[in-house]
Amino acid sequence: MDLNTISEGNQVFFKKGDFLKAVQIRKNRTLYMDKKKFSLAGVLGHPYGTKFQVTEGRLVKMENWLKVTEAATTSDMITTDNRDLLDKDSNQKMTRDDIMDLKEKGASADNIIEQLVENSVTFKTKTEFSQEKYIKKKKKKHLAEYRIVRPTTRLICQMYFDTKPKSICCMRMDTLSQILSYANVMSGINVMLVETCQGLLLGAIIDRLAGSGQVVQFYSGQAPPRQALEYYSFAKDYMSNVFAVPLSLVSIIDKVNDEPDELPTGNRNETPKFDQATTNKDEAKLDLQESSDSAVSKSSLRQTQREKEKHQAIQLVKAKQMDTLIVACKYDPTPIVTSLLRYVAPSRPIVIYCQYQQPLVECYMQLRYQNLGVVNLKLSETWTRNYQVLPDRTHPVVSMSAASGFLLTGTTVIQ
Amino acid sequence: MSFLKYNNKIKEGDTVIIHLSHKSMFPAVIQKGKTLNMQYGVLKHDNIIDKTFGSKIECSKGYIRVLHPTAELWTVTLPHRTQILYTTDISMIVMQLDLKPGCVVLESGTGSGSLSHALIRAIAPTGHLHTFEFHQQRSEKADEEFISHRVKDMVTVYHKDVCSDGFGLTDMADAVFLDLPHPWDAIPHAKQALKSSGGRICSFSPCIEQVQKSCSTLKECGFSDLETMESLLRTYNVSTTKIPLADLGEHEEDLEEDTEEDTTDTITEDEKPPKKVKMEDEANNKMADQSKKQSETPSVIFNTTQPAETVQAGHTGFLTFATLYPR
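So the protein sequences, as listed, match chains A and B. Counting from 1, one number per residue, gives the positions in the first sequence under my numbering. Counting from 1, one number per residue, gives the positions in the second sequence under my numbering.
If you're looking for bench data, these hints aren't it; they were derived computationally from the structure. Every clue listed holds true.
Only pairs whose alpha carbons sit at most 30 angstroms apart, straight line, appear in this in silico DSSO-like list of lysine-lysine: (1) A:Lys133 with B:Lys191; (2) A:Lys320 with B:Lys11; (3) A:Lys126 with A:Lys140; (4) B:Lys191 with A:Lys21; (5) A:Lys141 with B:Lys219; (6) A:Lys378 with B:Lys242; (7) A:Lys137 with B:Lys213; (8) B:Lys61 with A:Lys378; (9) B:Lys195 with A:Lys21; (10) B:Lys219 with A:Lys124; (11) B:Lys213 with A:Lys126; (12) B:Lys219 with A:Lys139; (13) A:Lys133 with B:Lys213; (14) B:Lys23 with A:Lys320; (15) A:Lys255 with B:Lys51; (16) B:Lys9 with A:Lys378; (17) A:Lys138 with B:Lys213; (18) B:Lys5 with A:Lys320; (19) B:Lys56 with A:Lys378; (20) A:Lys51 with B:Lys191; (21) A:Lys133 with A:Lys36; (22) B:Lys195 with A:Lys51; (23) A:Lys61 with B:Lys191; (24) A:Lys140 with B:Lys213.
The calculated label-pair distances, taken between Cβ atoms and stated as ranges, are: (25) B:Gln136 with A:Glu8: 49 to 55 angstroms; (26) B:Lys56 with A:Glu8: 55 to 61 angstroms; (27) B:Ser239 with A:Gln315: 39 to 45 angstroms; (28) A:Gln305 with B:Thr156: 42 to 48 angstroms.
Treat the numbers as computed from the prediction; the structure is a model and nothing was measured. Backbone N, C-alpha and C fix where the C-beta goes; we use that ideal spot for every residue, glycine too.
Just chain A, with the same shape it has in the complex:
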């Protein structure tokens, strides 16, 4: 299977400008997007990055490669201005019904835009820049053109931040990129992670580890957050190095000895309830005599596997040679950091993200004044601004993202 070709079952993004939608490609599936219904089959076999247009309920590859040349217009050539322009709804002669009519008749987007321009009373009086902007706006609205792209951390983060930032603790992409740098995330290292960002940060780390190195994800609640992982479509060998351990077990890590039998279940809500001494598959089946359903014994096999992994992870952490601690969650970071810090080897980075500044202020004070063996403590936030770059029209984009979240970074040392 060529990785560059769109194939059945692939997780992809439909991209139109800044709009991103995650879709799983199924040849028999119909999608409803931007008030249009269409089948997905047309994308199969094409390379990633291909642009498609919705035509008669199907996705068709766009054949013409339109060379986008910048308008030769410069501000010196513009002779009109907007001193007499009145903003009225009646400037456009076509009604919404007229447009819907055209669409139903199967008129192309270019056709519709041509009609809109002809029926606009004010179009001819606008400046050329203004005319370009008008057409660009109409194209964005009426053109059902999408590019199919492969999900990457950058795109997945953008999608989350634009549509549901609270679910990722309002972690903006620039801050996420810094977490990966400051924690020195690279192939082969062992990472301790606590996150409530839907698994976005976990995914970004696994992507950079590429199957070499291990991640121990500590979590509070029922299950470790991993929703974002579906967009990454990681291979099995990448995931075999990722472990989950409930935070509630942290206090007993040092007390656990090497025998697997000694590991308590930790999360009381895990079902079916597992007898600690039972790590043997056959014994597990005997314990569940109430049901001989194969589905139940599969779930008990998974349960054994999870227990084994949890134990393996605890053994790894217990050795106190973890290469970094990364915390990015909705919980107060200070207790989490002070409990897990001892498992990080000396001369390793720690990175703590928080949506709010104050919890990091308190964490800083603890780390600095409680002799916990951390130097180079730094509290920061990032200011990022986008620019529109066009001839004679270059300026910062009119609105800016206000919040990036805050980072506290430091390096462990021997006390």
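Once you've looked at the hints, dock chain B against the given chain A.
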């Protein structure tokens, strides 16, 4: 030690980071018999060999710590041969170029190698960095450092001017990074070097005129999804701060309460303002006690941040990113 693999014991030949304070760090290559003179006296390299990274090392007038090098620590301690990129821009570049192990990246110019180390870290162990520098001495120095940092397998240094001579590479790169005075001259060559299945490009320029010309060339060459931005880091100092309370005169409610001798203590022990005064924290308790004894004026104590410097970086450069899609 290697910039790509942690090793706990310090050995001869290792590049280490000597840490005196967060404002005073510098790199050193460990050699038997060598000594280093610095603020805390004489540091003997022999005292460092076989110690664990992160250890405290005694010197004649104090102590220092020896840290394992990372791309970030290198960026803030490396010897500058040119203006360098810092972690804020570097992180965004690595993220926006979609870098991960296995990627092939082209970089021009190498400069002092700050970004290079971060690129290598992101694409190791299966990727490769091709880095181009038109200044011969700088290209040689960079090569020496890559060897010393034990990352030489991951990188090839070229002494070449890519604007006039191109990269000399075709259909093989996942990403190209340009930090040049005239990036528009290199953009067509970058397009040729990128894989035909597509790739990402980044151009870093301090001046807006350079950005405008680069963007226009990128569009002419068929690049899409152009995005230009700039990022700045705002760092904060954290401290326990005390601010005095103004004299608002006597109020009826206060007169009913207990007497003058409690005045100083009342403010800090009461619930006003509740959130600001942290009494559970032992460290803060110590400082609160001290100031109670010292000051005669009632005050409020809290932990807070202040900008780390009054003047911080206002501009490094504009970052422009774009994608080349397959045709």
